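Engineer: Using the sequences and the hints, build the whole thing.
So the sequences go chain by chain: A and B. First residue of the first sequence: 71, per this note's numbering; consecutive thereafter. First residue of the second sequence: 62, per this note's numbering; consecutive thereafter.
Calculated directly from the structure, the hints in this document are not laboratory data. Computed from a predicted structure; not experimentally measured. Beta carbons: idealized from backbone N, C-alpha and C, even for Gly. Each hint should be verified, as a subset may be incorrect.
[Claimed, not checked] Here are some of the chain B residues that sit facing chain A, going by a computed Cβ distance under 7 angstroms: (1) G64; (2) L67; (3) A68; (4) G154; (5) S155; (6) R157; (7) L158; (8) P163.
[Unchecked claim] The calculated label-pair distances, taken between Cβ atoms and stated as ranges, are: (9) F105/B with R126/A: 55 to 61 angstroms; (10) R79/B with E190/A: 26 to 32 angstroms; (11) A271/B with G134/A: 37 to 43 angstroms; (12) F290/B with A143/A: 42 to 48 angstroms; (13) G167/B with S77/A: 42 to 48 angstroms.
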Amino acid sequence: MNGLEISDLGFSYGQKRALDGVSLSVEPGAFCALLGPNGAGKSTLFGLLTRLFTTREGTIRVAGHDIAREPRAALARMGVVFQQQTLDLDLSVRRNLTYFAALHGLGGREAASRIDAALEKLDMGERANERARDLNGGHRRRTEIARALIHKPSVLLLDEPTVGLDVASRTSIVEHVHGLAQDEGLTILWATHLTDEVRGGDRLVVLHRGRVLADGTAAAIAGGETLSDRFLALTEKAA
Amino acid sequence: MTGWLLALQAIVTREALRFVQQRGRFVAALVRPLVWLLVFAAGFRAALGLSIIPPYQTYITYEVYIVPGLCGMILLFNGMQGSLSLVYDREMGSMRLLLTSPLPRGWLLFCKLLGGTAISILQAYAFLAIAALFDIRMPAMGYVSVLPALLLAGLMLGALGLALSSFIRQLENFAGVMNFVIFPMFFLSSALYPLWKMAESSPLLRDICAVNPFTHAVEMIRFALYMRFEPLSIAVTLGATAGFLALALWGYDPARGMMTRKG
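Structural biologist: Listed below in structure tokens is the structure:
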């Protein structure tokens with residue numbers, strides 16, 4: 071399968087259990103929101119997905135590659151937008167992207183044309199030569215999303231990418247990323263604690279205290295209620 | 062293979078660009094050894110009598126003696142500065158970006174190390190050039206033969222910085238590195254005084270200096286400046302480089318979970 075498969079994943083920080091038996095799979099081309107309150111284990115899950123650290127409990131397959139056995143193949147098929155800002159603020163947008171392209175073995179004309187295409191996709195083409203420091207928060211985020219697309223990944227992971235952005239920037243980024251799933255067939259895992267970023271038709275996984283509380287389409291999980299109410303009810307009940 | 066070289070080029074260029082943007086850092090890195098050379102050494106010149114020891118063939122002034130040690134000081138401070146910027150990178154997230162590249166983690170860390178070392182070497186040469194302006198000169202060919210020694214010493218101290226950066230949890234802990242790594246390493250070495258001089262006051266201190274890898278890095282540089290090859294120093298520096306690199310790789314091993322602390 072070309073999407074993302076996580077099965078029976080567990081992780082502990084010393085005595086503290088951060089993830090416990092987490093399983094989920096995201097079909098190719100699907101937008102999956104990973105919803106959880108602060109401390110639910112989303113960042114730990116992203117750490118494991120991006121191989122910043124590893125675990126012996128469970129498996130992760132990215133585009134069919136087991137991250138424990140074929141880490142390089144798995145990382146090559148994955149684009150990541152971290153929660154923290156990871157641009158070199160004193161470098162231009164283009165230089166930031168060129169640096170990243172080289173980390174993925176892309177250089178010269180090929181890198182340049184892919185960078186142009188990725189920036190265009192995110193409506194950032196005109197800002198290619200601006201210094202990252204001079205961009206507003208929303209544009210910095212778009213730059214990071216464009217950067218994550220340069221190596222044409224099949225799975226895109228975004229860890230709370232709208233934190234600290236104003237409503238307009240948030241809406242626009244949510245829109246763009248949904249478009250990437252629909253139009254480009256990218257598999258998206260979008261971690262958030264904001265229910266208004268999830269659409270009714272999206273795949274939704276609710277994570278709480280390291281466990282999966284619910285898994286299905288957002289509309290089905292919400293039932294007749296608003297997703298926000300349902301989410302609160304689910305997490306309170308589990309607490 | 063080209064992908065590996067592209068990454069090397071990109072990482073070294075990034076280090077260079079960051080360095081160019083931080084001119085203050087360049088000036089500070091030069092001022093420190095120059096103060097030692099032009100102020101400290103001038104004061105101590107009369108107090109410290111130096112006998113003729115290899116690689117010197119005539120009596121030398123104290124200023125000439127401490128030049129290799131001050132080159133080492135530049136490499137040491139830069140190695141630690143590199144460690145500081147790695148901890149900063151880790152807190153800021155750009156280390157995460159680097160480590161999600163599909164290239165082997167060891168290679169990425171080595172590229173980072175090489176980038177930092179290249180900048181250290183440039184600074185050491187800038188220092189040697191200024192020292193030459195003040196008439197503290199080495200043999201002309203010495204400036205060429207010292208290059209591999211500066212490279213190896215720079216790699217060793219950079220690798221030490223890399224290893225330390227994987228164990229330092231937060232930027233705030235960096236002051237500890239100054240107190241427990243830089244100062245003892247520098248003062249308990251042959252950078253400022255020859256080992257026989259140290260032995261006169263304390264044989265124990267001399268022995269500590271003799272096992273300090275920084276002493277060997279400085280001696281390797283000293284001999285290389287006079288186109289001499291010091292096998293013991295080179296062997297110890299190589300061994301320490303390998304040891305520190307192994308420690309850094311272990312520190313950044315995903316299974317050990319250095320990054321979990323930010324999780």
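Engineer: Decide, hint by hint, whether the structure agrees.
Structural biologist: Structure-based check of each hint:
no.	hint	verdict
1	G64	holds, 3 angstroms
2	L67	holds, 4 angstroms
3	A68	holds, 5 angstroms
4	G154	holds, 3 angstroms
5	S155	holds, 5 angstroms
6	R157	holds, 6 angstroms
7	L158	holds, 5 angstroms
8	P163	holds, 4 angstroms
9	F105/B with R126/A: 55 to 61 angstroms	holds, 58 angstroms
10	R79/B with E190/A: 26 to 32 angstroms	holds, 28 angstroms
11	A271/B with G134/A: 37 to 43 angstroms	violated, 56 angstroms
12	F290/B with A143/A: 42 to 48 angstroms	holds, 45 angstroms
13	G167/B with S77/A: 42 to 48 angstroms	violated, 29 angstroms
Consistency note: the structure conflicts with the earlier hints numbered 11 and 13.
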